[in-house]
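Novice: This is what each chain is made of:
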Amino acid sequence: MTQLTNTSDDAQDGLQTLFKNLPGMAYRCVNLDHWPMSFVSEGCEALCGYTSQQLETQQVLWGDFTHRHDVAEVDRQVKSAARKGQPFEVEYRIVPRTGPHKWVWERGRVVDWLDDGTAVLEGFITDITSLRDAQRTVSDQRAQLAHVERLNTLGEMTAAIAHEINQPLTAIAMYSKSAQLLAQQGNQKQLQEVLEKLAQQSLRAGAVIERMQAMSYQSSHQQDHIDPINLLKEIKDLAEIEAQVHSYTIELQLPHELPSISCDPIQIQQVILNLLRNGMQAMQVNLCSAGSAIVLAAKVVDEQLWIHVRDQGTGIETAMADKLFLAFASNKHTDKAAGMGLGLTIGKAIIEAHGGRLNYSNLRPNGAEFSFNLALPSKHA
Amino acid sequence: MGIQRPPEPQVLIVDDDAAVRDAMSLWLSCNGYHCRCFEHAEDFIDHYSNDLQGCIIADIRMPGMNGLELQSHLNHLECVLPLVFITGHGTVPMAVEAMRHGALDYLRKPVDEQQLLRLVEHAFTLDQSRVNQTQLLTSLTPRERQVAELVVDGLANKVIAANLNISQRTVEVHRSNVMTKLAVNTLPELVKTFLKSLP
Numbered sequence: 001m002t003q004l005t006n007t008s009d010d011a012q013d014g015l016q017t018l019f020k021n022l023p024g025m026a027y028r029c030v031n032l033d034h035w036p037m038s039f040v041s042e043g044c045e046a047l048c049g050y051t052s053q054q055l056e057t058q059q060v061l062w063g064d065f066t067h068r069h070d071v072a073e074v075d076r077q078v079k080s081a082a083r084k085g086q087p088f089e090v091e092y093r094i095v096p097r098t099g100p101h102k103w104v105w106e107r108g109r110v111v112d113w114l115d116d117g118t119a120v121l122e123g124f125i126t127d128i129t130s131l132r133d134a135q136r137t138v139s140d141q142r143a144q145l146a147h148v149e150r151l152n153t154l155g156e157m158t159a160a161i162a163h164e165i166n167q168p169l170t171a172i173a174m175y176s177k178s179a180q181l182l183a184q185q186g187n188q189k190q191l192q193e194v195l196e197k198l199a200q201q202s203l204r205a206g207a208v209i210e211r212m213q214a215m216s217y218q219s220s221h222q223q224d225h226i227d228p229i230n231l232l233k234e235i236k237d238l239a240e241i242e243a244q245v246h247s248y249t250i251e252l253q254l255p256h257e258l259p260s261i262s263c264d265p266i267q268i269q270q271v272i273l274n275l276l277r278n279g280m281q282a283m284q285v286n287l288c289s290a291g292s293a294i295v296l297a298a299k300v301v302d303e304q305l306w307i308h309v310r311d312q313g314t315g316i317e318t319a320m321a322d323k324l325f326l327a328f329a330s331n332k333h334t335d336k337a338a339g340m341g342l343g344l345t346i347g348k349a350i351i352e353a354h355g356g357r358l359n360y361s362n363l364r365p366n367g368a369e370f371s372f373n374l375a376l377p378s379k380h381a
Numbered sequence: 001m002g003i004q005r006p007p008e009p010q011v012l013i014v015d016d017d018a019a020v021r022d023a024m025s026l027w028l029s030c031n032g033y034h035c036r037c038f039e040h041a042e043d044f045i046d047h048y049s050n051d052l053q054g055c056i057i058a059d060i061r062m063p064g065m066n067g068l069e070l071q072s073h074l075n076h077l078e079c080v081l082p083l084v085f086i087t088g089h090g091t092v093p094m095a096v097e098a099m100r101h102g103a104l105d106y107l108r109k110p111v112d113e114q115q116l117l118r119l120v121e122h123a124f125t126l127d128q129s130r131v132n133q134t135q136l137l138t139s140l141t142p143r144e145r146q147v148a149e150l151v152v153d154g155l156a157n158k159v160i161a162a163n164l165n166i167s168q169r170t171v172e173v174h175r176s177n178v179m180t181k182l183a184v185n186t187l188p189e190l191v192k193t194f195l196k197s198l199p
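Chains as they are written, first to last, in my numbering: chain A, 1 to 381; chain B, 1 to 199.
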């Protein structure tokens with residue numbers, strides 16, 4: 001064994017060198033309002049623009065430049081961890097002495113308790129702004145790509161949508177011209193009936209447009225308290241426009257109630273729409289007869305919401321299996337059905353960004369099942 | 001069943017969309033046409049009989065039996081009613097196919113109500129002249145009809161007389177009666193009218 005011959009001074013020097021080289025700042029503070037610091041390593045100046053001396057003498061307090069939107073949440077998490085005696089990890093924004101705000105990552109724990117019961121914390125804080133920016137860029141690009149894919153999907157659905165809108169328009173044209181004749185004839189009673197029917201048909205046309213409108217929105221974002229049943233019913237309505245072209249039905253298999261989820265509802269609907277459309281195309285290739293059903297099901301297993309799409313199509317060929325989720329790998333041979341080949345790739349990216357996984361398996365005797373999971377919000381949150 | 005069908009010509013509408021059916025039959029009724037609506041091609045086939053008069057307006061895209069299948073079914077039943085298809089976006093090639101199999105015309109959705117009226121009117125005129133000619137033909141006596149058939153076949157009066165074992169003079173009288181009853185003056189007109197009147 002090597003003998004430990006360092007003097008106390010040597011150890012102090014070593015520690016100083018170590019702190020100096022840290023990509024961030026180490027600290028010791030009491031867990032009071034604004035976190036007064038009793039020790040701060042040199043890295044603090046690069047991080048927040050104030051010297052360690054300014055912080056240690058409490059001319060400035062850490063809480064003064066913690067972003068006002070984040071301070072309460074940081075406080076909550078630190079206190080909660082302190083109570084349980086666990087280390088905490090938080091990400092939040094600070095407003096440095098000069099320049100724009102920075103994102104920081106902090107990890108710390110309780111090292112001691114003062115007589116009055118206040119916790120003494122030690123930890124480390126580092127700048128993660130560039131990591132955050134990169135994540136943000138990736139997320140923005142994924143959102144843009146998803147939007148392009150949604151528009152492309154709507155483009156592919158044009159024929160079906162036009163058909164669905166032309167039905168009420170045809171009725172409207174006939175009703176309105178008939179109404180003119182009835183008015184000329186002074187047939188008030190029938191005129192009233194026809195006007196009522198006219199109104200119904202215009203609402204019907206409007207509903208079709210409404211169904212597709214969400215898919216065309218550019219901005220979509222994470223939302224809390226999304227009711228999965230509502231989300232699934234909405235997207236079923238939109239997919240139904242296309243199901244009618246093939247005379248297929250979409251069978252919803254849902255429990256009476258599902259817990260609400262946090263997600264980007266438009267992106268999740270986009271994934272489901274894509275899976276339903278793929279499934280119906282596979283059923284067409286498999287020459288499924290009119291009236292055949294594709295199943296859209298949801299259930300909760302182990303704190304996860306699972307969503308399944310089961311078709312009666314040709315299934316996934318082994319040769320296709322490896323590249324199923326790769327961009328531009330399309331399983332659709334006919335020109336008409338060939339999309340961008342991006343649907344599943346984007347679907348997978350969307351689900352993974354939500355912390356879930358998109359899987360598939362072949363069914364017997366035929367068909368395929370695509371499934372993905374979304375975590376349910378934890379109960380204490 | 002057992003109910004005597006009214007003899008008047010009707011517009012027979014076959015469309016799976018309730019609103020389209022209702023609006024179309026209302027518009028045509030307002031313009032003096034009798035209409036009957038069918039939700040499915042199968043329903044229409046069930047109610048079909050060869051003495052129907054008027055025309056058929058059918059959607060090309062329907063669940064179950066589609067418009068083209070309906071047409072081939074009707075052709076099998078030797079249906080001679082003018083058939084007009086309604087086509088939506090993306091079914092125009094099907095409409096062209098239908099025209100090849102004898103459809104009168106097709107209308108694109110959203111349907112122009114004036115165009116619909118014109119087409120129905122045209123279809124009714126066509127069907128009416130078919131009906132009239134069939135009736136003309138039935139106004140001939142059996143002997144007159146025999147003579148007419150042989151004239152149309154291109155036989156001379158002398159040959160017809162020999163064939164039917166009657167005098168040439170009698171053939172001439174029958175032939176003249178046929179011309180009067182069918183309201184034609186020349187032989188080509190007779191041939192045309194006679195052939196058109198055959199079911």
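Worth flagging that the hints you see were computed from the coordinates, not collected in a lab.
Here a beta-carbon is modelled for each residue, glycine too, at the ideal position from N, C-alpha and C.
Careful: at least some of the hints might be erroneous.
[Claimed, not checked] So the derived label-pair ranges between C-beta atoms look like this:
no.	chain 1	residue 1	chain 2	residue 2	range
1	A	Glu303	B	Val92	38 to 44 Å
2	A	Ile209	B	Leu77	40 to 46 Å
3	B	Leu117	A	Val300	54 to 60 Å
[What the hints assert, rightly or not] Some residues of chain A that are not near chain B, with every Cβ distance over 12 Å (derived):
no.	residue
4	Gly14
5	Pro36
6	Val95
7	Glu193
8	Ile209
9	Asn230
10	His308
11	Ser371
Novice: Just checking, A:Glu193 versus chain B, shortest CB gap more than 12 Å?
Specialist: 9 Å, violated
Novice: So does A:Glu303 sit 38 to 44 Å from B:Val92, Cβ to Cβ?
Specialist: This hint is violated: roughly 52 Å between Cβ atoms.
Novice: For the pair B:Leu117 and A:Val300, does the Cβ-Cβ distance stay inside 54 to 60 Å?
Specialist: Roughly 58 Å apart at Cβ, these two residues keep to the hinted range, so it holds.
Novice: So is A:Ser371 really clear of chain B, every C-beta pair being over 12 Å apart?
Specialist: 29 Å, holds
Novice: Minimum C-beta separation from A:Val95 to chain B exceeding 12 Å: can you confirm that?
Specialist: 56 Å, holds
Novice: Holds or violated: the 40 to 46 Å window for the beta-carbon distance between A:Ile209 and B:Leu77?
Specialist: Because 41 Å falls inside the window, the suggested range holds.
Novice: Hey, does A:His308 actually stay past 12 Å from chain B on C-beta?
Specialist: 26 Å, holds
Novice: Against chain B, does A:Pro36 keep a CB gap of more than 12 Å to every residue?
Specialist: 71 Å, holds
Novice: Does the no-contact call for A:Gly14 survive, Cβ to all of chain B over 12 Å?
Specialist: 77 Å, holds
Novice: Beyond 12 Å from every Cβ of chain B: is that where the Cβ of A:Asn230 lies?
Specialist: Given that every Cβ of chain B is farther than 12 Å from that of A:Asn230, nearest at about 27 Å, it holds.
Novice: Was A:Ile209 rightly flagged as not at the interface, with every chain B Cβ beyond 12 Å?
Specialist: 15 Å, holds
Hint compliance for this structure: hints 1, 7 are broken, all remaining hints hold.
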